[in-house]
Amino acid sequence: MFRAAHGLIATTVNTAPRAALCRACDVAEAVAALAQPGAAAVAGGTDLCAGFNAGLTPSLLVDLSRLEVLRGIEITTEDIRIGALVTHAQGSRDQGLRAALPGFAAAWGMLANPRIRHRATIGGNIMARHTRYEMSLLLTALGARLVFAEGEQTPAQVWNAAPGLLTHIVIPRHAGQRFIYMRGLRPQLTLAVHRHAGGGLAAIGTEWLHPVALALADAGLEELPETFADHVISRWYARRAGAALLARGMEALDAA
Amino acid sequence: MSIGLSLPRADGAEKLSGRATYTADIALPGMLHAKLLRSSHAHARLLRVDAGRARTAPGVHAVLTRDDVPEGLMPVYGYFIKDQPIVATDRVRHVGDIIAAVAAETEAQAVAALALIEVEYEALPVVASIEAALAEDAPELFPQAPIGFVPAYGEGARGALRPAKNICFEFGYRMGDAAVFDRCDHVFEDEFRFSRMWHFHLEPFVSVADARDGRIEIWSSNQNPFPLRKELSRIFRMPENAITVRVPYVGGGFGSKNNCKTEPAAVLLSMLAGRPVRLALTLAEGFLTNTQHAAILRLRTGVMSDGRLVARQSHIELDAGAYSDASPLVAEKAGYRIPGPYAWEHVESLCRCVMTNTAPAGPFRGFGGTQATWASESQIDMIARRLGISPLAMRQKNLLKLHQAYMPGESGVDSDMEDGLQTVLAAIHHTPAPDRGLGFAVGFKDGGGVNKPAQARVKVSTNGDVFLGCGTVEIGQGARTAIPQIVAEILGTSATRIRVAPIDTDHTPFDQGTNASSGIAVMGQAVARAATAVRDQVLGFAAAQMGTPPETLRLEDWHIIRGNERLPLGPMIMRYYGGTGFEFTADGFFKPDSDHHAPLEAQCVYWEIGWAAAEVEVDRGTGQFTVTQLVVAGDAGRAINPMLCRGQDEGSAIMGYAQAMFETMRYDAAGELLNGDPLHYRVPLAEDLPARFTTLTLEQGHGPGPFGSKGLGEGAMLPVAAAIANALEDAVGIRITELPLTPERVLRALDNLEKATA
Amino acid sequence: MPPETIRFTLDGRAAAITAEPTEPLAHALREHCGAQGVRVACSRAVCGACTVLVDGLPAASCAMFLWQVEGCAVETVARLKAHPLQEAFARHGAFQCGYCTGGFLMLAKALLAENPSPSRAEIAEYLSSNICRCTGYSVIIEAVEEAAAAMRAPA
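Chains as they are written, first to last, in my numbering: chain G, 1 to 256; chain H, 1001 to 1758; chain R, 2001 to 2155.
Bear in mind the hints are in silico, worked out from the structure with no lab data behind them.
Check each hint, because a few of them may be wrong.
[Said to hold, decoys possible] From the derived model, a few chain G residues whose C-beta atoms are all more than 12 Å from chain R:
1) A10
2) N53
3) A54
4) I75
5) D79
6) D94
7) T131
8) R145
9) A161
10) V170
11) Q177
12) E222
13) E226
14) W236
15) A247
16) A255
[What the hints assert, rightly or not] According to the in silico footprint, chain R covers these stretches of chain H (three or more CB under 8 Å from chain R):
17) 1007–1015
18) 1188–1202
19) 1672–1682
Please read all numbers here as calculations on a predicted model, not as lab measurements.
From the three backbone atoms N, C-alpha and C, an ideal C-beta is built for every residue, glycine too.
Working from the sequences, and respecting the hints, build out all of it.
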């Protein structure tokens, strides 16, 4: 529902005003187009279309689908580089990723649903800045970096800032790296655990709250921010259930 | 033979090919598209509504604000209380209240014009919950009394308009002497809270109206075209024969599509524009249009130490939302059904409809029975456990027996309650284990509506092709499949030879609406009478032609059977009526007798019962629990089409399951709906089903409908939430009295239990 | 920018629609191509009533722009003719109001193309892409199981 100046209007993509279309052929063209006022990037387009329901009225649609450089997953000993246009279905089934970080590939394969997974991209999931979409939480636990044409950001920074074109997601690799995502309580509460020889990180999130990184040693979630509560769950519950999930995640990774 | 066969659905060819026509598929020449401007305030005075700039916006043909309602209309509607305006006049009462509408050549133009309308609000204090609305200092939502009426009630029942501030209606029922409480060994008082769901019918509210030349033609996604016609006639002060309501296939309703929703605004816009208008809401707008009733239910129940139930006083408050809609009727049902299917010496119920600054609440599958069963079946279990009696023994001791009257003057129950309970218990394969538990409940409501008439017409052509005219809307329940099976059985023909005429109020025989699980038990009786009358005409005709008494003749495949003789009817008809043919036709009518001794002024047509047994396993770490098994049964009396019966019970049970587990609308104190969109409002998906989910259709054979049938469609929803809550107590000793049974509530209850026993 | 003409195939036939860049696929199919079986419900890619296949993969046509199917093969429920899924849906009563049915049929078609022998759990997971408010899903799952078996059976 669009909250217009004088009331609510049920806008949809059907009621959108006219917009121009730019089919960007390279990154530079996309960056330039996205820098224009009223520009909106279209990768899968799934979330963008939903945005019209909230009153989004872009004047320029920037089609990213021709940017082949934004596709593909590269894995080195240092890191995993995932192109922003990789779909959930492609990413979660990528053989290299499944070998390198099977817990993350499995988690990625649980996002959204089979119908969405074929179209929605990792970049779109992040850039939608939607607390219900889970990739930001996974990447928070993984200590991933988001590479924009304009520079790098952390997943947490993206919630506030609006840089231009996300090109890649970089997940650092570590010795003994393991990952598990527990989403059985979803949409109320989910938690990811990332462990490696040098330490690790957990991340907790809800349908409504930005994901929060947690130290693996914080077994009781003492450090969970005081504001971590929404209209579905209280902080008390997030701590209690989160602690149970964290312990289970640690145990599962130990057993793995 | 048709009865008892799982014939494939008659609408299959259309629905499985995508060719079925719903209202949104209707397009008229010159049709305009309408969109609405809704209040962003939960409660405010409208100081200014200025649509000046919208009127001259591109593509705009009509703008509807409070200033555009023609003189002489009655621009308010409602079932018993006419309190809902087509567009807001002096104030708005909920977020989403309609302030203005625009009809333009495209939806985009309509939206662009709406954005030009200026509204000045003066915020008023908001009451977004039952408690807030009943507070001493709460603002009065309707300072002036809207027009309203109280239906006639029989013995023990009463109703009243505006008994107190912010209560639009109350229903009371009383039977027996309250003094019996003094004789009870124990009196238990418990409070229950019932959550609020949205119907989430996939086809959003939609109407296409053509209101020109003193006539209204409207296609609408609506469950009760005849009452709608009457309401439009009253609003627009036009004779009912100047109004034609057509109802194509309806994409789900679950109660929401009764009475006026999109219709009045679509009609008025069409009048103003002089063009046909389609007003199609989005799914998200549905959350702002009509919902289930949240409720607070307080029960005071007196029992003997051996578990015999003696007396129950109930005090129910329903959150009616901003406008009364069907709330008085829901209150009547919740108040009447709250004693449950048990024998009592004294019953006293009060159910009040509390107005709040939230979306209007109205009919929802279960219709007060869901609220009542949740509280009643929870408390029966709680009392059993407090008395150290098994919940099963407690129910066995008190359940009404077959044919035993529900209340004085009321009809006898027409299901064997205990048999149903034993059936679901036998079907659930529960093995006790730590943190695993079993619960069960009996859902109970009167079925078939109150005092509800229905008419039907059956026509048969020269060659035995059958036309059925009946106003039951095909809303998914399978009316166009099951009802023809009744006709086919009576006429000795195949159900595939029966054509159900499209619904058009000019031609379709009168019906009060597709609601109250009345299709089979009420309309089915009218249809059966029409079919029987046609059959008798045909046999009478043949008997005269053959010079034999009609009792010696039978009808089969449009042949007359006499002994071993088999005579085709076609030639016989043409011989008598001429070669151009003939139609035999007859009407059927059904209505329960009015009866002032019956509390609701007529005895209940039938009793709609649902039994459920659930097994849960609780995770003590997170409070999450899973329903490992759910077995639900309904009593079809006689299943006209077992496949359709299963479909009704299964869909109904899953709605109850979702309400127990997670599905709920969440409002904040300012009256904002926090999850009123399809992404955040969680409905069950295929993966949410219990690991083992079984529905059983019982055929106990005591129904009043054709061939011993009863209605289905709501009963299986009723007991599910209580069965699951009861299973939780069995598993881990906690009692949750508020829906949904969220992991957080479970975890808190486990903590509290630990503290209490420490 | 003048509206572009978008070319694709719809249910096996060539289609060309000239429309604004914001034209959603579902709207284009319904209003310009008469694809009535594409039902719009949630307008948000949540419910899947508008599910079509784009180059064989399921997609919510309410949340796609028409231009995104340039050069693609688009299939709607109208493509199915006496398909084993339709027959199984009929036998099991796997639809009631019918509003979600076209979307479920196309979703199930994509599932069986991807996985001809899905387990019950795999069917449930895949079908969880779409919403049916009427049936409670069991009958839809059973119908897909039966259709899968029929499609695997040698002709």
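Hint check:
1. Non-interface status of A10 of chain G relative to chain R is broken: a Cβ of that chain comes within 12 Å, the nearest being about 9 Å off.
2. Chain R draws N53 of chain G into its interface by the beta-carbon criterion, the shortest separation being 6 Å against a cut-off of 12 Å.
3. Look at A54 of chain G: its CB is around 10 Å from the nearest CB on chain R, not clear of 12 Å, so calling it non-interface is violated.
4. With 12 Å as the threshold on Cβ separation, the claim that I75 of chain G sits away from chain R holds: the shortest Cβ distance comes to roughly 25 Å.
5. Chain R leaves D79 of chain G outside its interface by the beta-carbon criterion, the shortest separation being 30 Å against a cut-off of 12 Å.
6. The Cβ of D94 of chain G lies farther than 12 Å from every Cβ of chain R, with a closest approach of about 17 Å, so its non-interface assignment holds.
7. The beta carbon of T131 of chain G is kept farther than 12 Å from every beta carbon of chain R, the shortest such distance being approximately 16 Å.
8. Against the 12 Å criterion, R145 of chain G stays outside the reach of chain R, whose nearest CB is about 29 Å from its own CB.
9. Taking the minimum C-beta to C-beta distance to chain R, about 26 Å, the non-interface status of A161 of chain G holds against the 12 Å cut.
10. Every C-beta of chain R lies more than 12 Å from that of V170 of chain G, the closest at about 28 Å, which supports listing it as non-interface.
11. Residue placement check: Q177 of chain G keeps its beta carbon more than 12 Å from all beta carbons of chain R (closest about 27 Å).
12. Annotated as non-interface, E222 of chain G keeps its C-beta farther than 12 Å from every C-beta of chain R; the closest such distance is 36 Å.
13. The Cβ of E226 of chain G lies farther than 12 Å from every Cβ of chain R, with a closest approach of about 33 Å, so its non-interface assignment holds.
14. Listed as outside the interface, W236 of chain G is consistent with that label: its C-beta sits roughly 30 Å from the nearest C-beta of chain R, beyond the 12 Å cut-off.
15. The claim that A247 of chain G lies off the interface holds: its Cβ sits roughly 27 Å from the closest Cβ of chain R, which is beyond the 12 Å cut-off.
16. Look at A255 of chain G: its CB is around 23 Å from the nearest CB on chain R, clear of 12 Å, so calling it non-interface holds up.
17. Residue count for the segment 1007–1015 of chain H with a Cβ under 8 Å from a Cβ of chain R: 6. That meets the three needed, and the coverage hint holds.
18. Only when three residues or more bring their CB closer than 8 Å to a CB of chain R does the claim for the segment 1188–1202 of chain H stand; here the count is 4, and the claim holds.
19. Counting residues of the segment 1672–1682 of chain H whose CB falls under 8 Å from any CB of chain R gives 3; the rule of at least 3 is met.
In summary, the structure is inconsistent with hints 1, 2 and 3 from the numbered list given earlier, while agreeing with the others.
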